[in-house]
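S.K.: Read off the chains here:
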Amino acid sequence: MPKVSPTEEISTGRSGRVRRVTSSMSEINVVPLVDVMLVLLIIFMVTAPMLQRGVDVNLPVARRAEAIAEERVFLTVPLTYRKDRAVRLGTERIVIDVLAERVRQMMDGRDDRKVFLRGDGGILLQELLEVMDRLKEAGIEQVGIVAKLPEER
Amino acid sequence: MRIRRLDSIVISGAIAASLALGACSAKKPPAARPLPPPAAATTPTPPPAPAPVQESPIVTAPAVPEDPMASRTVDDLNRDSPMRPAFFEYDSAELSADARAALDANAAVLKKYPTWAVTIEGHCDERGTAEYNLALGERRAVAAQAYLASLGIAADRLKTVSYGKEFPFDPGHDEAAYAKNRRAHFVITGK
Amino acid sequence: MRHSRVTLAAGLAAAGLAAAAWPGRAPEAAPQQPTEVILSISGEAGARPRYAVPDFIARTADAETQAAAALMGTVLWDDLAFEREFYMIPRDTYRTIPAARSFADIPFDRWRELGADGLVVGTVERAGAGGFRVEVRLFDVRARRSVVAKEYSGSAANPRLYAHTAADDIHQQQRALRGVARTKLTFSSDRDGERVANAVSARDVKEIYIADYDGANQRRVTVTRKLNIMPRWSPDARSIAYTSYRRDFPDVYVSQIYQGALENPTGGRGQNWLPAWSPDGTRLCFTSTRDGNSELYVMNRDGTGLLRLTTHPAIDTTPTWSPGGTQIAFVSDRSGSPQIYIVDADGLNLRRLTSESWCDRPTWSPAPFNEIAYASKTGPGYDIVIYDLATQERRQLTSGRGSNESPAYAPNGRHLAFMSTRTGRTQIFVMGRDGQDVRQITTAGNNYTPDWSR
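Protein chains in written order, with the numbering used here: chain A, 9 to 161; chain B, 62 to 252; chain C, 462 to 915.
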């Protein structure tokens with residue numbers, strides 16, 4: 009059996025029983041693990057069909073990339089966010105005040121609590137975190153940050 | 062009627078007790094020699110005996126009865142009952158040897174006081190469901206009733222009623238409590 | 462557009478249970494136009510329509526009207542959320558949206574921004590002494606037009622009833638669903654802390670209580686200082702049959718709660734308990750020991766026409782009728798442990814349903830579901846289980862938190878009430894028929910054996 013990773017220890021600690029699970033994997037409860045943590049996924053993109061969704065943003069560039077296959081929820085943070093505090097959920101313009109509720113609505117009936125964030129390369133980390141705060145409020149467990157390959161235009 | 066009778070019993074009890082106390086303190090000798098405890102002192106003294114009551118003109122008639130049972134009210138009898146409960150196993154109305162012994166003793170009491178009538182209450186522990194336990198309690202009461210009838214007690218002196226798990230004798234949630242709650246309980250209803 | 466008037470009388474206001482006027486459910490007013498077009502609001506593809514219900518608009522400035530307006534909004538939101546047909550947008554997200562002052566100035570853009578497909582707006586105003594006039598409209602936020610418009614007037618004593626009625630109307634009109642917002646629960650409770658009079662040992666009385674389906678307006682029905690247990694609503698929801706020890710042995714009584722009348726159809730012949738109404742309300746099935754053993758009997762409501770249903774030396778008890786009134790499910794220990802059996806209402810064609818450790822309190826679902834819910838022993842305690850009669854599949858709804866017993870179906874079959882010890886004492890809970898959305902109904906004292914009005 010593989011040795012228990014630190015994240016699992018944290019999760020058992022949260023439930024009040026700090027103990028080291030050494031042998032049995034059957035004791036590890038994945039649900040609270042997923043439940044409470046905002047896991048950052050860095051997804052590297054190959055294809056560009058995403059660019060058809062919503063407004064055009066100048067995605068950051070990353071050298072290693074993976075394709076995103078399934079139908080996903082995309083949240084676009086354009087450069088104009090700085091002025092009007094509005095993002096795009098899919099194609100719809102949404103002000104940040106109601107973002108949490110709108111994302112919660114979008115997740116109603118879905119199993120994966122996952123959102124892909126398409127931030128403009130010029131967006132500040134502070135601004136992105138504001139948006140991610142709202143996603144956390146909406147119960148999103150995983151946020152992927154979308155990038156593109158250097159050679160993509 | 063019953064309430065009033067109860068009141069007078071309590072008051073007369075209080076008078077007897079306070080008289081006994083007064084007697085005690087009056088003739089208490091200075092020497093600390095242990096006295097043989099007077100009989101009255103062993104009777105349960107009601108909480109603080111109200112002093113003014115002892116002026117009451119009612120004379121407590123001791124009239125030492127030949128049988129203490131005969132002079133007691135039905136409520137008194139039930140509070141310290143000469144009838145023993147019969148206990149049962151889980152989800153069962155079968156009479157164990159212990160249950161039979163208890164019922165034999167009860168039959169003897171009922172034969173000694175042929176005017177007494179009793180209600181046999183069937184009770185269950187909380188592990189059964191409320192609905193089914195009504196029937197189970199009834200079955201236990203009937204089992205006790207049938208056994209007493211087989212010992213020659215007239216059936217019209219023995220009423221049955223089932224309380225299921227509604228009136229536990231022990232509110233606990235362990236086997237000791239459950240065992241106390243699975244019973245045929247005897248209540249004297251007339252004498 | 463649908464526009465109809467319904468008159469409500471919020472009877473049963475303060476304490477007067479006995480003679481309070483109560484016209485039962487507000488009758489659905491006949492549509493005024495025969496060729497009425499029902500407009501329904503749909504959500505986005507694959508998603509439930511999203512509804513928002515802000516506070517109602519108080520058209521009269523007094524404090525009572527304003528409080529009622531806020532309460533109606535909250536209650537209507539809860540009622541609509543209960544059936545889970547709509548995604549209900551949480552009320553705390555409405556604060557950024559300016560409140561409308563009339564139907565004319567609703568900021569639809571802002572509601573659309575919040576994602577609302579449907580918006581329920583209501584107005585409340587005083588009408589005469591101690592009365593309200595309430596208007597409720599459901600708007601299609603995208604089309605900016607009203608698709609349901611209802612007007613209610615009646616007493617100001619129970620503002621919740623307006624919201625309940627509007628919720629049932631919206632469910633009916635938008636989803637062709639019979640809502641349960643105006644239904645009631647009944648149960649027995651020892652909350653008063655009273656002891657049985659003249660009892661030898663300390664024995665807590667249990668009295669029959671009723672409450673709205675959401676636990677509001679809990680009221681005592683019996684005042685006997687004895688044991689009163691296992692109440693069952695008559696199908697017209699105007700009477701409650703129950704087992705009472707008011708004469709120190711169990712017997713079946715029927716309380717007409719709005720008239721204050723009491724009937725005793727079994728008349729003390731043997732011990733009788735656990736009455737169950739036939740679906741048409743004309744007959745009662747119950748357990749009796751009149752022939753020396755616990756057997757099932759059926760009699761007319763007035764005590765005539767006695768029919769013995771079972772003949773077996775084992776215990777036969779806890780009956781429930783099928784929705785059509787043709788069959789009766791009950792509990793018997795003829796196999797050695799309590800199990801559920803079904804028999805035709807004439808006593809023929811007996812068959813066994815369950816083979817578990819201990820099963821009790823079967824409750825037959827209303828149509829369109831064809832299933833029986835019951836309590837099954839799953840460990841030290843019980844859990845609520847549903848047995849589907851068509852597929853013969855068994856589905857466990859609760860799992861091991863406390864003991865869960867005595868299920869009772871809501872009249873639309875989508876919810877169950879039950880009693881549970883999961884919070885320590887015994888309390889009444891309701892849940893969806895999928896076991897989700899568990900809500901606690903009672904908190905005072907211990908509360909037992911619920912039943913849900915038709």
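Worth flagging that the hints you see were computed from the coordinates, not collected in a lab. Quick caveat, the model's predicted, so the values are computed rather than measured. Treat the hints with care, since some could be wrong.
[Said to hold, decoys possible] Subject to a maximum C-alpha distance of 27 angstroms in a straight line, what follows is the list of computed DSS-like cross-link-like pairs (lysine-lysine):
(1) C:K687 / B:K252
(2) B:K241 / C:K645
(3) B:K220 / B:K241
(4) B:K252 / B:K220
(5) C:K645 / C:K687
(6) A:K144 / A:K91
(7) A:K144 / A:K122
(8) C:K687 / B:K241
(9) B:K172 / B:K252
(10) B:K220 / C:K838
(11) B:K220 / B:K173
(12) B:K172 / B:K220
[What the hints assert, rightly or not] Simulated restraints, written as ranges between beta carbons of each label pair:
(13) B:S157 / C:S798: 17 to 25 angstroms
(14) C:Q897 / A:E100: 25 to 33 angstroms
(15) C:Q720 / A:E100: 21 to 29 angstroms
(16) C:S860 / B:A169: 46 to 54 angstroms
(17) A:G117 / C:R639: 21 to 29 angstroms
(18) C:A560 / A:G117: 29 to 37 angstroms
(19) A:N66 / C:R862: 50 to 58 angstroms
(20) C:Q720 / B:A169: 28 to 36 angstroms
(21) B:G213 / C:T772: 28 to 36 angstroms
(22) A:R118 / C:R639: 27 to 35 angstroms
(23) B:D136 / C:R680: 31 to 39 angstroms
(24) C:G808 / B:S157: 29 to 37 angstroms
(25) C:Q897 / A:D120: 28 to 36 angstroms
All C-beta atoms, glycine included, are put in the ideal place defined by N, C-alpha and C.
S.K.: Give me the numbers of the hints this structure contradicts, sorted from smallest to largest.
M.R.: 2, 10, 15, 20 and 25
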